[in-house]
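A.B. asks: I would like the entire structure built from these sequences, with the hints used as guidance.
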Amino acid sequence: AQTVTQSQPEMSVQEAETVTLSCTYDTSESDYYLFWYKQPPSRQMILVIRQEAYKQQNATENRFSVNFQKAAKSFSLKISDSQLGDAAMYFCAYRSASAGTASKLTFGTGTRLQVTL
Amino acid sequence: NAGVTQTPKFQVLKTGQSMTLQCAQDMNHEYMSWYRQDPGMGLRLIHYSVGAGITDQGEVPNGYNVSRSTTEDFPLRLLSAAPSQTSVYFCASSLRVMNTEAFFGQGTRLTVV
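Residue numbers (the working numbering), protein chains in the order written: chain W, 1 to 117; chain V, 1001 to 1113.
Hints are supplied without guarantee of correctness; some may be wrong.
Under 7 Å between C-beta atoms, here's a sample of chain V residues computed to sit facing chain W [claimed, not checked]:
#: 1; residue: GLY1042
#: 2; residue: LEU1043
#: 3; residue: LEU1045
#: 4; residue: PHE1104
#: 5; residue: GLY1107
#: 6; residue: THR1111
Calculated from the model, a selection of chain W residues having no Cβ within reach of chain V, i.e. all distances over 10 Å [claimed, not checked]:
#: 7; residue: THR24
#: 8; residue: SER42
#: 9; residue: SER65
#: 10; residue: GLY85
Each pair of labels, with its calculated beta carbon distance range [stated by the list, open to error]:
#: 11; chain 1: W; residue 1: GLN83; chain 2: V; residue 2: SER1067; range: 38 to 46 Å
#: 12; chain 1: V; residue 1: SER1069; chain 2: W; residue 2: SER12; range: 15 to 23 Å
#: 13; chain 1: V; residue 1: ALA1052; chain 2: W; residue 2: THR18; range: 40 to 48 Å
#: 14; chain 1: W; residue 1: LEU117; chain 2: V; residue 2: SER1067; range: 43 to 51 Å
#: 15; chain 1: V; residue 1: GLU1101; chain 2: W; residue 2: LYS73; range: 21 to 29 Å
#: 16; chain 1: W; residue 1: THR18; chain 2: V; residue 2: PHE1010; range: 33 to 41 Å
#: 17; chain 1: W; residue 1: GLY85; chain 2: V; residue 2: THR1111; range: 23 to 31 Å
#: 18; chain 1: V; residue 1: SER1018; chain 2: W; residue 2: GLU15; range: 25 to 33 Å
#: 19; chain 1: W; residue 1: LYS73; chain 2: V; residue 2: GLY1016; range: 42 to 50 Å
#: 20; chain 1: V; residue 1: ASP1038; chain 2: W; residue 2: SER74; range: 19 to 27 Å
By construction, these hints were calculated from the structure, which means they are not laboratory data.
This one's a predicted model, so the numbers in the text were calculated from it and none came from an experiment.
Even for Gly, the Cβ is constructed at its ideal location relative to N, Cα and C.
C.D. replies: Pasting the structure below:
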């Protein structure tokens, strides 16, 4: 079974600074997808960024980028120029590419990000 | 654009009561699922469906039933509520089972007393 580990329960960053959230995962599969979801106080789950394991290039979405290290099974999220609206819980998630198990998202326990002035 | 709609947003139940959490999507998505979110545990999969008439169990299915009679709707039934089912419940849908993005409803906060 796959597992996703987020070892930082809480992080803090000053506005306009850069912060990196860590995520490691364990799998025996070679083809899969990784995601970062943001959950603000409204409770809504919002997809921040997605990475396909077969792609070597790291995904980027505006101020958000990932450092995907497949051999190390590491998938960190970098938020540049942090804004107050970035304050939220961030979840790392794994999804298999195998047809039989591709239906399940496996989530980490989350990292709560505070953004200070 | 409605997306994924969950009702109710909040609910308090007494132990032993039953209820149904509703989930509907208007995007003609093939795949739908239910998760529960508990402090310090992330989101865990309860049940999922890959299409109308097809459902299967996830990681924590005990105490819950689902059905998928239409593409749009995927209700979650609590048969006899227990305090251990106090949680936030999320419904999610994806266009297909494979690598497409999962869209989440706004969640239902359920308290069982």
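A.B. asks: For the restraint on V/LEU1045, tell me whether the closest CB of chain W is nearer than 7 Å.
C.D. replies: 5 Å, holds
A.B. asks: If I claimed the Cβ atoms of W/LYS73 and V/GLY1016 lie 42 to 50 Å apart, would that claim hold in this structure?
C.D. replies: For W/LYS73 and V/GLY1016 the Cβ distance comes to about 44 Å; the hint holds.
A.B. asks: Can the suggested window of 38 to 46 Å be confirmed for the beta-carbon pair W/GLN83 and V/SER1067?
C.D. replies: 43 Å, holds
A.B. asks: Just checking, W/THR24 versus chain V, shortest CB gap more than 10 Å?
C.D. replies: 14 Å, holds
A.B. asks: Hey, does W/GLY85 actually stay past 10 Å from chain V on C-beta?
C.D. replies: 18 Å, holds
A.B. asks: Within 33 to 41 Å or not, the Cβ separation of W/THR18 and V/PHE1010?
C.D. replies: 37 Å, holds
A.B. asks: Have a go at the V/GLY1042 hint: is there a Cβ in chain W nearer than 7 Å to its own Cβ?
C.D. replies: Holds, because the Cβ-Cβ distance from V/GLY1042 to chain W comes to roughly 4 Å (cut-off 7 Å).
A.B. asks: Looking only at beta-carbon atoms, does the pair V/SER1018, W/GLU15 fall within the given range of 25 to 33 Å?
C.D. replies: Violated: the Cβ-Cβ distance is about 48 Å, outside 25 to 33 Å.
A.B. asks: Has the hinted range 40 to 48 Å been met by the Cβ atoms of V/ALA1052 and W/THR18?
C.D. replies: For W/THR18 against V/ALA1052, whose Cβ atoms are near 46 Å apart, the range 40 to 48 Å holds.
A.B. asks: Is the shortest C-beta separation between V/THR1111 and chain W less than 7 Å?
C.D. replies: 15 Å, violated
A.B. asks: V/GLU1101 and W/LYS73, beta-carbon distance inside 21 to 29 Å?
C.D. replies: Once the Cβ atoms are compared, 22 Å apart, the range 21 to 29 Å for W/LYS73 and V/GLU1101 holds.
A.B. asks: Lying within 43 to 51 Å: is that true of the beta-carbon distance W/LEU117 to V/SER1067?
C.D. replies: Holds - the Cβ-Cβ distance for W/LEU117 and V/SER1067, about 50 Å, lies within 43 to 51 Å.
The structure is inconsistent with the numbered hints 6, 8, 12 and 18, although it conforms to all the rest.
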